[in-house]
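Take a look at the letters that make up each chain.
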Amino acid sequence: MDKMMNEYRADFPILKQKVNDEQLVYLDNAATTQKPQAVIAAIKHYYESDNANVHRGVHTLAERATEQYEAVRSKAARLLGVDDPHEIVYTKGTTEALNWVAASYGSTHLQPGDEIVLSYMEHHSNIVPWQNLAAKTGAKLKYIGLTENGQLDMVEAQKVITDKTAIVSLCQASNVLGVVNPIQEIAALAHHHGAIMVVDGAQAVPHMKVDVRELGADFYALSGHKMMGPTGIGVLWGKKELLAQMPPLEFGGEMINNVGLYQTDFKEPPYKFEGGTQNIAGVVGLGAAIDYLNSVGPDKIAEHEHHLVADLFPKLQAIPGITIYGPQDPKLRTGVLSFNLAGVHPHDLASALDMDGVAVRAGHHCAQPLMEYLGVSATARASFYLYNTKEDTDALVNAILDAKEFFLNGSF
Amino acid sequence: MALSSLNNLYRQVIMDHAKHPHNNRQLADADEELELRNPTCGDVLTIQLKIAGGKIQDAAYTGSGCTISQSSASMMTDQIKGKTTAEVEKMVLAFSDMVTGKDVPDRAQLLGDASILQSVSQFPARIKCATLAWKAAYQAIEESEKNE
Numbered sequence: 001m002d003k004m005m006n007e008y009r010a011d012f013p014i015l016k017q018k019v020n021d022e023q024l025v026y027l028d029n030a031a032t033t034q035k036p037q038a039v040i041a042a043i044k045h046y047y048e049s050d051n052a053n054v055h056r057g058v059h060t061l062a063e064r065a066t067e068q069y070e071a072v073r074s075k076a077a078r079l080l081g082v083d084d085p086h087e088i089v090y091t092k093g094t095t096e097a098l099n100w101v102a103a104s105y106g107s108t109h110l111q112p113g114d115e116i117v118l119s120y121m122e123h124h125s126n127i128v129p130w131q132n133l134a135a136k137t138g139a140k141l142k143y144i145g146l147t148e149n150g151q152l153d154m155v156e157a158q159k160v161i162t163d164k165t166a167i168v169s170l171c172q173a174s175n176v177l178g179v180v181n182p183i184q185e186i187a188a189l190a191h192h193h194g195a196i197m198v199v200d201g202a203q204a205v206p207h208m209k210v211d212v213r214e215l216g217a218d219f220y221a222l223s224g225h226k227m228m229g230p231t232g233i234g235v236l237w238g239k240k241e242l243l244a245q246m247p248p249l250e251f252g253g254e255m256i257n258n259v260g261l262y263q264t265d266f267k268e269p270p271y272k273f274e275g276g277t278q279n280i281a282g283v284v285g286l287g288a289a290i291d292y293l294n295s296v297g298p299d300k301i302a303e304h305e306h307h308l309v310a311d312l313f314p315k316l317q318a319i320p321g322i323t324i325y326g327p328q329d330p331k332l333r334t335g336v337l338s339f340n341l342a343g344v345h346p347h348d349l350a351s352a353l354d355m356d357g358v359a360v361r362a363g364h365h366c367a368q369p370l371m372e373y374l375g376v377s378a379t380a381r382a383s384f385y386l387y388n389t390k391e392d393t394d395a396l397v398n399a400i401l402d403a404k405e406f407f408l409n410g411s412f
Numbered sequence: 001m002a003l004s005s006l007n008n009l010y011r012q013v014i015m016d017h018a019k020h021p022h023n024n025r026q027l028a029d030a031d032e033e034l035e036l037r038n039p040t041c042g043d044v045l046t047i048q049l050k051i052a053g054g055k056i057q058d059a060a061y062t063g064s065g066c067t068i069s070q071s072s073a074s075m076m077t078d079q080i081k082g083k084t085t086a087e088v089e090k091m092v093l094a095f096s097d098m099v100t101g102k103d104v105p106d107r108a109q110l111l112g113d114a115s116i117l118q119s120v121s122q123f124p125a126r127i128k129c130a131t132l133a134w135k136a137a138y139q140a141i142e143e144s145e146k147n148e
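Each protein sequence line maps, in turn, to chains A and B. Numbered per the UniProt record's numbering, the first sequence spans residues 1 to 412. Numbered per the UniProt record's numbering, the second sequence spans residues 1 to 148.
It should be emphasised that the hints constitute simulated quantities derived from the structure, not laboratory data. Bear in mind the structure is a predicted one, so any value in this text is a computation, not a measurement. Glycine included, each C-beta is placed from N, C-alpha and C at the ideal position. Please note that a few of the clues may not be correct.
[Said to hold, decoys possible] Chain B regions said to be covered by chain A (calculated; three or more residues, Cβ under 8 Å): (1) 71 to 83; (2) 97 to 111; (3) 130 to 144.
[Claimed, not checked] List of simulated lysine-lysine pairs, DSSO-like, C-alpha gap at most 30 Å: (4) Lys19/B - Lys315/A; (5) Lys300/A - Lys267/A; (6) Lys18/A - Lys102/B.
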């Protein structure tokens, strides 16, 4: 298994380098993932051979560009387990997708006193758009707390989601705690109370099989760059009837049927949301990333990451002074591991690991409410992907031991 | 091994200031107080100044943070005591230039001990940690001049 996974590593040119004279060990995959040669080549090929504006030319290149742009819509739909490509709206990423649901669906459907339910483990991109919506509509924000184990508190969820709830918006997988939320149960609860279910899938789609219908989602957001695609491209999936109810947010070329001097007819979804020339090369790159993801297999990626974390977890726990946030049972975890080392600030730790070639994130991970909930200002975070190996987990442990020696015993 | 280059960032003086910070306390009679947050990690630093006759009579800070931000705050509060507000503003700009890699020939004279933080310029991800306390002092002085 591992041997076969090791073969994928060779597809990622960026990983074949040294940083600070050490072999690069890239463990910041929850922030962004590296790109396989196939994705880089697809973008290059597009600009070298097919570049044209989509949907508005009769010439051959325009035809080719349009065909690729729309083919990726179908690929993205299949990736999420749906048939209708018109339920796929291209966005800049998860942040823009969530912003659009809040600003377009939310502002036309919410009444003063309606409630929006989030959780304490949300990324700022799944908090701030809702705060803004609440301020504009008079809706109220409510939060589902976490269990001691760092999982969503389902007992509290039952109390927080009520007939007043209009929207529930949760991440499927946490970017800090390494947990997967029971979206299916939450969505059933939301629907029972007449609310819609919005899912931030940024940390889920790259790492596991996702079927939005099975989950019971009404909207689902993802980012291309977190699944080996380019930055600046993402997807908002929405149920057709909900997308139809949403007014467009950007007005201009391409999103119209007919423009008069004083009024305009908009196209049907998804086109009414895609005003102006879109990130066509980004879409092409996203398509190549989806192909690559499928060629490995989401189940195999999930299994690989579970193996890595199961191997790493006891080794990390054995280091005196280490606190790992989230479930202490590696079986309940994804490939995201946030931790602190007593007496060493995570920023200092990350600088030290970088000197050993190990790239981790240190900070609040765009989840300040969660940091406050955990009672810390920041953590270090190692996050794994399909190209990471057991050697990478060993490099992490050794680098932490080096850093500990340096900062706590002052010797090296 | 590459970790040995950490010694360039974490010089002994820096480690000493971080472990035994100076002026890490509350001032009873501060004239100015300013809180700044390091947006990359969420660390919060509060600077307090006692200003009289255009001079910094006392300076202190509270809050937690990494080795670089704590030692920088410790050194900064040491260095600005007894200086005029105009001198401190000049020091802050010199410090900012120094850690962003610009040549500041008179840095030792201007910044005293704190000139050792020049090493931060080789670690761009840590510049914000080093400048946090200095920015806070600059803004606190600006506030005090507004209130006059």
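With a Cβ-Cβ cutoff of 8 Å, does the segment 71 to 83 of chain B contain at least three residues near chain A?
violated (count 0)
Hinted pair, alpha-carbon criterion (30 Å max): Lys300/A, Lys267/A. Please report holds or violated.
40 Å, violated
Take the segment 97 to 111 of chain B, compare each residue's beta carbon with every beta carbon of chain A, and decide whether three or more fall closer than 8 Å.
The restraint on the segment 97 to 111 of chain B is violated, since only 0 of its residues have a Cβ under 8 Å from chain A and three are required.
For a C-alpha distance cap of 30 Å, please report whether Lys18/A and Lys102/B respect it.
Given that 30 Å is the threshold and the Cα spacing comes to 27 Å, the pair holds.
Does Lys315/A lie within 30 Å of Lys19/B when you go C-alpha to C-alpha?
28 Å, holds
Count the residues of the segment 130 to 144 of chain B whose Cβ falls closer than 8 Å to any Cβ of chain A, and tell me whether that reaches three.
violated (count 0)
Checked against the numbered hints given earlier, the structure breaks hints 1, 2, 3 and 5 and satisfies all the rest.
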